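Participant: Listed below, chain by chain, are the residues.
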Amino acid sequence: MSDLIKPIVPMSNVLTRRTFMVATGSALAAWGAAPALAQRIRIDPDAFQPLPIAIPNFVPGSPQDAQVGGDVAGVITNNLKRSGLFAPIDQAAFIERITNIDVAPQFQNWKTINAQALVTGRMTRQGDGRLKAEFRLWDVASGQQLTGQQYFTAPEYWRRIAHIISDQIYERLTGEKGYFDSRVVFVDETGPSERRVKRLALMDQDGANVRYLTKGADLVLTPRFSPSTQEITYMEFGQGDPKVYLYNIETGQREIVGNFPGMSFSPRFSPDGQRIIMSLQQGANSNLFVMDLRSKSTTRLTDTPAIDTSPSYAPDGSRICFESDRGGKPQIYVMPAAGGQAQRISFGDGTYSTPVWSPRGDYIAFTKQGGGQFAIGIMKTDGSGERILTSGFHNEGPTFSPNGRVLMFFRDPGGTSGPSLFTVDVSGRNEQRVPTPGFASDPAWSPLLS
Amino acid sequence: MKLKVDKTLVASVALHVLVIGWGLISFSARSLEAPPEALPIDIISSADLSKMTAGLKNGEKDKPKPLVEKVADAKPVDEAVGKITDKKEVVTSAAPEPPPKPVDKPVEKKPEPPKPEAKPKEEPKQAEKKPEPPKEDPIAEALKSDEAKKPKPKQEAKAAPPQPPKPKQERVFDQSKIANLLDKRDPTRQSITGAALNPTSSLGTATGNSDTRVATWKGAFVAAVRRCFSFPYNGQDADQFEVDIDINMKLDGTLASTPVVVAVRGPSRSVADAMGESAQRAVQQCQAYAFLPKDQYQTWKYIPMTFGLRDLM
Chain H
1 MSDLIKPIVP
11 MSNVLTRRTF
21 MVATGSALAA
31 WGAAPALAQR
41 IRIDPDAFQP
51 LPIAIPNFVP
61 GSPQDAQVGG
71 DVAGVITNNL
81 KRSGLFAPID
91 QAAFIERITN
101 IDVAPQFQNW
111 KTINAQALVT
121 GRMTRQGDGR
131 LKAEFRLWDV
141 ASGQQLTGQQ
151 YFTAPEYWRR
161 IAHIISDQIY
171 ERLTGEKGYF
181 DSRVVFVDET
191 GPSERRVKRL
201 ALMDQDGANV
211 RYLTKGADLV
221 LTPRFSPSTQ
231 EITYMEFGQG
241 DPKVYLYNIE
251 TGQREIVGNF
261 PGMSFSPRFS
271 PDGQRIIMSL
281 QQGANSNLFV
291 MDLRSKSTTR
301 LTDTPAIDTS
311 PSYAPDGSRI
321 CFESDRGGKP
331 QIYVMPAAGG
341 QAQRISFGDG
351 TYSTPVWSPR
361 GDYIAFTKQG
371 GGQFAIGIMK
381 TDGSGERILT
391 SGFHNEGPTF
401 SPNGRVLMFF
411 RDPGGTSGPS
421 LFTVDVSGRN
431 EQRVPTPGFA
441 SDPAWSPLLS
Chain A
451 MKLKVDKTLV
461 ASVALHVLVI
471 GWGLISFSAR
481 SLEAPPEALP
491 IDIISSADLS
501 KMTAGLKNGE
511 KDKPKPLVEK
521 VADAKPVDEA
531 VGKITDKKEV
541 VTSAAPEPPP
551 KPVDKPVEKK
561 PEPPKPEAKP
571 KEEPKQAEKK
581 PEPPKEDPIA
591 EALKSDEAKK
601 PKPKQEAKAA
611 PPQPPKPKQE
621 RVFDQSKIAN
631 LLDKRDPTRQ
641 SITGAALNPT
651 SSLGTATGNS
661 DTRVATWKGA
671 FVAAVRRCFS
681 FPYNGQDADQ
691 FEVDIDINMK
701 LDGTLASTPV
711 VVAVRGPSRS
721 VADAMGESAQ
731 RAVQQCQAYA
741 FLPKDQYQTW
751 KYIPMTFGLR
761 DLM
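Order-wise, the sequence lines are chains H and A. Sequential numbering from 1 applies to the first sequence in my numbering. Sequential numbering from 451 applies to the second sequence in my numbering.
Do not rely on the hints blindly, as some may be mistaken.
[Said to hold, decoys possible] Computed list of lysine-lysine pairs in DSBU-like fashion (alpha-carbon distance at most 35 Å, straight line):
hint: 1; chain 1: H; residue 1: Lys132; chain 2: H; residue 2: Lys177
hint: 2; chain 1: H; residue 1: Lys81; chain 2: H; residue 2: Lys380
hint: 3; chain 1: H; residue 1: Lys111; chain 2: A; residue 2: Lys744
hint: 4; chain 1: A; residue 1: Lys668; chain 2: H; residue 2: Lys111
Note that these hints are calculated values from the structure, not bench results. No experiment lies behind these values; they were computed from the predicted model shown.
Chain H with its partners taken away, still in its complex shape:
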């Protein structure tokens, strides 16, 4: 627009006229520029695409650290890939070989292979025997370091270090907490279907480091992690009625939760880990009770001629969701944590069971049965926005990852086969089988370990 003004000004010899023309020119310039300023160009992705990221092997501090350097990079790659949000680039495509993480990489080499982020790291065994892990996360486009950390640990905990680094990368690039440094307790199943041995087992969220907590003498069901302590609560069929137990992972000690007449089942911790909410059988019915673990005092929450079970706290501890057939068939209800008026929130076709409140507080996951299908789905806490994430024969028992972005559940195809564990995003994408040594069911995700 300045070109427009220049030829006009010299022609004018009157001050007022010049002023007028300059003003007119300015107005025209403003008018011409206004649409560009007002109209923002809108860009939405065509479809979801995972973020391309390059994760070269961590540089070994000494030749003997080469193995662990590659292993750590492998675990990080696997974690990010399984999340479905990242697309780690095949190392065979790398142009540059990282040899020193204290020197900025040649970013053009990583742009060429379309990497948007780059992870460099180094593993060094210290003089005291500990392992030092360092990593840097780079923004390839700008050449800026997004984050960088170093950790010291015993060499046998290298895998946990890899999970912690994975969480750092995940959080820096997505803005949300990760979930890789977490564990899953589940029921390990071995043997033929008519004489199945069921043991409590614990593993990393990626299926590694499996260890067994019980020997399989008694049937165990519905293990649940404490959100704040290294404890598990579960149901076990002993000599008499099935009872709810508390198990300390660190010490291996276990104790019975209360000593109620009849069957107690479906236990779950309160968000602060100080109470356990569960169902107690009373005749043909069952009702919800909560027990304070310190005072051992018990409070009845429901008193209905129906089966109320599978209670789950909201993360703020103010409400609980549970399953009840008080309306004729199993549906999901929500009520205040101290008891009171329950409100039904599931209204779709079929029956709803095993409700679980997300650690984020935004969704309630459930198992939905109908038409010979078992579906895993989520709905908002008011019952709206129901979304089926996976459907088929006998999917059951959803549990949320610590960040509420992934669900784990088990699928039992029936017959001579047995159940397996699967994960799926809350979006319904990226369903993946979780590797376990044998058949596995009833998973429960722990909170983040760190």
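With the hints as your guide, set chain A onto chain H.
Facilitator: This is chain A only, laid out in the frame that chain H set:
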């Protein structure tokens, strides 16, 4: 006779003429400088261009007279031994060879002045007769017979109408024609096909202006940035996140400075901030935007953008 001329008037007139003249030239010239509204989105390299414009070695060649070639080439070669006499008759009447000779002859004969009008008249006849041989070809005959049949009815129709219609138009009061004249409804209401209604359906309606709104530099720019924008988020509230980013461009299509995140919106601030960084990365990663038209630099020197996650779920 001396005319008193006011010098100031002369100066005034001259100045006005100059100003008006300059205005006419300069403004009229500017009005013609309509900026091109549309640009092709696809960008092709010189290699692509040469590929597209290159011919094919094994491509099909033009076949000017396919029907004649079939009759003349195939049959004589196959049956050259046994049916020479029969074929000769056919060949002489329908072969392609005769036509060139008559064409040559008239050309040679035309320059000859002595045999003036009689021969030229005959020659055209010969020329007409020589194209006629193809009539013996069954397809050509069928075509000609069709053509012959068509014109006749037309001639009859042309001949007939002039006499009878005049009296009829004067005498008969056709109510339907009056009704048609009074009918102001949209003619497209009548039962015609969609293709007839809108022959350019792929380009939108006849009155649409979509062709002026697409294929601008903005479309190409959006497509280019979108290729690099991948924000890792899988929440169902994805459509509530938005990031405003302003960028300043150089004339060569590269960024003049780091993209500035002006505002972020969404249920989670940390996620929205991460999305802002992701959008910055996308804009930086995909530069240079060399396809942006340099003659419209003023329109894209500064580009305000909004990134969203609409329809991601």
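Participant: Checked against the structure, which of the hints given earlier come out wrong?
Facilitator: none
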